Structure formats: C-alpha cells, structure tokens
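Q: So the sequences go chain by chain: G and R. So the first sequence is numbered by our numbering: it starts at 2 and just counts up by one. So the second sequence is numbered by our numbering: it starts at -12 and just counts up by one.
To be clear, the hints were calculated from the coordinates, so they are not data collected in a lab. Values in this document were obtained by computation on a predicted structure and should not be read as measured data. Careful: at least some of the hints might be erroneous.
Stated by the list, open to error - No farther apart than 25 Å at their CA atoms in a straight line, the calculated lysine to any residue pairs in the SDA-like style are these:
id, chain 1, residue 1, chain 2, residue 2
1, G, K201, R, E113
2, G, K201, R, K33
3, G, K218, R, Q144
4, G, K218, R, K33
5, G, K218, R, Q20
6, G, K29, R, S77
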Amino acid sequence: MPIHDVGYRRWQGTQSGFGTRWIAITNKGFEIAFRSQWVRRMMFLAWLPAIYFGAALFFFERTFENREIFNAVAELNQAAEMAERGVHAAQGFDDDDDEARPPGAPARPRIDLGPEGLDTEQKRRNATMRMLSRTPLLGGLVALLGGSGSEEVFDAIVSQDDTKLRRVVWSWFILKFITTPQGFALLLLIGWVAPPMIAKDLRTKAFLLYFSRPLSKFSYILGKLMVLVVMCSMITTLPALILYGCGIALSPNLTPLYATWDLPLRIIVVGLMHSIPASLLALMLSAITTESRYAMFGWYATWTLGFVTWRILSLAYLSQNQDEGGDVPFDPLAPLALEDGGGWIYVSLYDSISLVQSLGMGVGDFNLQAQLACVMLPLVSLSCFAIIWRQLSRATLG
Amino acid sequence: MQSASATRAKLDPQFYSKSKNDPSNENGGAPVQTVIDLRSLGKRIKSKQILSDVTLQISNRVTGLLGPNGAGKSTLIKILLGLVRPTAGSGRLMDLDILRDKLKIRQLVGYTPEDDCYIDGLTGIEMVQMSGQFFGLPGREALRRAHEVLDFCGIKQERYREISGYSTGMRQQVKFASAIVHNPQFLILDEPTTGLDPEERERLLRRVRFLNRQFGMGVMLSTHILPDVQLVCDDVIVLAEGRVRAHQSLASLQNVNRWRLQILEVNSNISNAFTQSLRQPGLRVEIAIDGSWELIVEDESRWSKDRVAELVWRAAGTMGATISCFSPAQESLEAIFLKAIGGTNHAHS
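If we strip away everything but chain G, and leave its shape as in the complex, we get (with noise of 0.2 Å):
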C-alpha cells in the first residue's frame, strides 16, 4: 500500500541510449531463470568437476617439478630411434637416405617389426603413453586426454621443450574441461533454460509488450541470447578462467604464466564458440513453438542423435578404411580421435563444436573435418538467428 499516493506526475529523467535496453531483458531473464531450485542446483553440480581437474593441474605442475619422468620418457625415446636406426643400418637400409627421397620415387620397403602392423615410431608412442599412464600422478592426465590430445604432449615431452610441454598440456587440459564435463553440464543446463524463454512469449504475447516499446527485434534477441551466454560462461569460461587462475597461483614461479599468457583469451573464445551456436540453436527451437515442452525434447533430440549418428558413421569409415589396407587401425571400443570419420564431423553439433575449440585452444589441425565444422557452426548460428528472426515478425504482423 502506497504512503502517500500522489498520483500520477511527470517524469523527465535521464534515459538510457537505445543500445542497452537489452540489458533489462537479460537481467530479467536471468532472475526468472534463478528462480528455478533445479537451475540453482544444477549450476552448483556443475562447478564440481573443477575440483577433480584443478587436482590434476597440481598433480602435473609437481611433476613438471621433478622432472625425471619426462627426462626418461625422452631418453628412453632417443634410445629407441637409435635402436632402431642401427637395425635399419644393419639391413643396409638409410633413413636419411629415406628422407631425403624424391617425391614420386618408390619407397624401399620397411622393416616391420611390429605384429600389429604399426610403424615404429607410433609404436614407440604407445609405448610411452602406457609407460606414463602407469605413473600414479601422470595416469590420470594420460587418460583424461585420450585420443589426440596424447600425440601432442608426446611430441612435446620427447622435443624436452618445457616451455611447449607446458602449453600443450594446460591447453589440453583447459580444452578437456570445457568440453567434456562442462560441455555436458551446459546441454542439460541450456535444455532446462532456454526452451520456455521464447515459447512463452510467443503463447502470452508478450511479443507485443516488447515491439510496441523502442526495443528492436535484434535487441530482443541480444537480451535473450545474453541470458544463456551468461549462463554457459558461468560453468564453462568462468570455472576455466579460475581453474588457469589457481593454477598460476599455486605455480613455485611465473615460468607457468610466461608460457601460457595467452589462455586466458583462449578460454573466452572458446567458451563463446560453444555457447554462441548453442544459445541460439536453444532459442530458435524455443522460437517455433508455444509449448516449451517440445522445444526441450528437440534440444536433446538435436544433441543425442547428432553425437550418436557421428559415432557410427565414424566407426563404418574406420572398418572400411581397415578393409580396404587403411593404416588406420580399427577399434571399435577405443575412443575416438576428431580427426577420424571422414568428413561426417557436420552430422553432431558437439563434436564439430569441440573441434573448433581445440583450434581456438591451438592444439588442434586445421584438417578437412576443422574446416567443416568451422563452416558449419557460424551457420547453424546464422540459420537460427534467421529463423528467430522470422518467427518474431510473423508474430507481430499477426
């Protein structure tokens, strides 16, 4: 109850530029959105696993530390490929030689001293990453990284670069983290948020209190799109930005700052390049319907069936590729490396998405696969964008 009503009175205020009206749209949304217990509790389960990787990190640094395991790792390495020479030389046979051959010259044949048909070298490599893997404090980084992200610490450890090791394993490692568990925690998140925040416009048509206000279609947008972004930097870009935080804080010396400076940077880039195409892949399914229901059974539908068909579809490759005399080998339980699949990377939004965060990390290959994916996100972006666009206007012409 009003103290004193006086009324209604002029008001001749200062107000704000057109730009920023958005910014209510935003806060809002974000206060409704944090209503929701669920969402509260989900944003905490989502920080959980920071524990287990800013453990890790230590882990490592106090490795790094030591110093022993990657002198041997590298030892052992240089040891091998002399071996290996030596047998090469014995059998009159010349690496260098090798090398230095010709582009279109036949190849002499190579010593295949593996059963499994694998070359020395990746021999070796597998060789060392069990070898690490075994290590108490070193195991679980080996196996958190898999696939590809193993080659590249290898190069890096045999190379003896501290600084390069360095980089490549806090980049992998910021990059896993992002993707892995907070990529999970931001599908559901995003699922539970985003399907009523254009629906339920569209079903109450609030659209109408909106345009009939100076706020533009794209603000509109912006507002709403903000809402998510926020959400996805608060458990990815956040979380990430602490962990390399805490990281450089605990390090005994600036020589981890020196060498990874510009992850920081790194972190938010990838980070918008998740939750970018995501935010509006989430709000265009949430823009073609009223009902929020079957706007979150597309969300999941979209992620799930995209992550699935790429696995088989990748799987087919490699048994066809093994079929046919591929050097690749063919293991079904064995993750699965990005660049593997033959260019079927576009069918699932997560893996295309995460191949391009590990090109934003710098760890990745700028192969066939990256520069499909890095066509397909901006547009899925820009379909979404067109689509929201196009539902908006309708809805206010009708």
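Based on these hints, arrange chain R on the given structure of chain G.
A: Frame of chain G; chain R shown alone:
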C-alpha cells in the same frame, strides 16, 4: 512547480470527472495541435486490401477510433508504431516519420495492446518496471516510477503477485500502467476496457480523461464500445473496410442542427396553425412518433439558434401554446456509426 489545479487533481478523485467542455482545463494548458498526420496510407496483405487511402490529422485531444471487426483499426495502430510497414502513403507522428523513426516514435508513445498479453514469470510491479527500463528509465528509477503509476491505477498489494494469476481486468490495468510509466506524449489504447467491470471501466476512462486534461497527453482510443467514446472522446474517426468514413469532433458529428420541441395541451386547430407558423424557407418541420415536433435547419446561414428560438416563442405566444421542451436533438453515436459504416456492420453498444 505544479499548478494548484494539478495538485488538487491528485488528491481529489472527483476532479477526474471535470466537465470536458471546460475550455480552461483543456489539454493541461497545452494548445491543441496535430500529432499524427497520415497521407494516403495503404496496406495490402497478399490480395487483401487492409487499409486504403487513409488520410488523417489527429490532434492531441482524445480521439476515438471506431470501426467494426476487420475495419483495419489494429493495423493502423501497428503502422503508427512501426510494427507493420504500409504499402502506400506516408505519415508523421509528432513530426517523426513513421517509416524511419520507429524507435523514436515508440519512445514517445504509450501503447496498450488489445490482446490479453503479459510477460510470464513476472509480478505486476516487475512488469511495469521492465517496461520502464525498455523506455530507458534506469533500474531503480523504473521501480520507483512503477510503484507510482500502479498507485495511480489502483493496483495495491496484488502488484507483488505473479501476473499470470491476475484476472483479465487487472492485467488491463497493469498494461495501462506499463504504457504510461515513461510519461508518454501520446497514448494509444486498443480496447482498453475489455474485461473490466463497469466500475473499473469508468475509473480507467476517468484516468484517460485526466491524463489528457491535466497533462496534455494526446490519446487515441480504439474501441467497439460506443458509450466509452461518448464518455471521453473529443474527436471520432470511423473506419470501415479500411477506409476513413468519418472524422470529426464528437460534438459536430452529433450536432445536426435539429431541434426538439414539445408543447402542452394543444388541440388539433392550434397544432395545425402552430405547424404552419413554423414552416419557413430554410426550416423544415417534422412530427416525431412521440408527438413532438422536430425543427430541422436546412439553411444555417438564415436560421441561427437564436432566430429559431425567437420564431418558436413568437408562434407559441400567438397561438397560446405552452412549451414544455425546446432543446437540441442530438443524433446518437450508434446512429452516426451505423450511418458511417453504411449499415453493413453492427457495433456492440
């Protein structure tokens, strides 16, 4: 400093209903001026012509926009707000181009949509505050202002409840509060009294009138409800089939130079003589069903109000008839409306 009359108006609800014909109180002292200027506006959607050649000048008084369903009222409003682009013509609202300055126009205009719309998940106070923020009010100031306008609109503790649980009438009040939160210069109300009970309806219309009279806020009231128009409007626009059928002040629309005359205790001789004496060039006499006379002025240059009165008094004096009633016979708004739309549609009265 606010004027004494404005202060009194805040404290005295009776002041809301001050006579609309009081010129000293008209438009808060603001001169009557053209706010909306539309030139040959047209809108076609596919093969259907929604609006054709709409040319209008609307002032900062209270203007009623009347028309049957599908007349193009809502489309016209959406065009004014820049939500729909016209296919022909041009227009200006407060000297701003309706095609180019959409956001600037919406900044100056308050609008309540016809539909039962609300932002789900918000309380009444939050919705008005958010609306204020859309108009550029800073967050805290928007909240303060939201409380102020909700007080003005008579929403009390219910403002803290979620709006999804409101009745249609309460939502209308909150929509109205959202539209005036930023002190607009022009108010567009699309069916604002739908869902309101008679008491609430009257209060809302009083507020509309008050805002116009005390603060010079121009108002366009789109409605089906003719008594609403009669109660608050100064001007009336009748739209039918996308065309403007009538656009005049309510007073001039109703004033058709017709006088109603009743006399007492008259026998047929006196009656005939009386009728004969009233029959003059430029003046027509008709006898209505209830037995009263109607004098219709056909030549306004010859027959002013005073001259007609003089003629009537002289005839009555000569015949010895007693006049019980002599007053202007106004045409009802419903009759005007039906005439304007060509009798093809019916208004809800």
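Q: Run every hint past the structure and note whether it holds.
A: A quick look at each hint next to the structure:
{"no.": "1", "hint": "K201(G) to E113(R)", "verdict": "holds, 17 Å"}
{"no.": "2", "hint": "K201(G) to K33(R)", "verdict": "violated, 29 Å"}
{"no.": "3", "hint": "K218(G) to Q144(R)", "verdict": "violated, 33 Å"}
{"no.": "4", "hint": "K218(G) to K33(R)", "verdict": "holds, 24 Å"}
{"no.": "5", "hint": "K218(G) to Q20(R)", "verdict": "violated, 32 Å"}
{"no.": "6", "hint": "K29(G) to S77(R)", "verdict": "violated, 37 Å"}
Hints 2, 3, 5, 6 from the list above are not met by this structure, while the remaining hints are.
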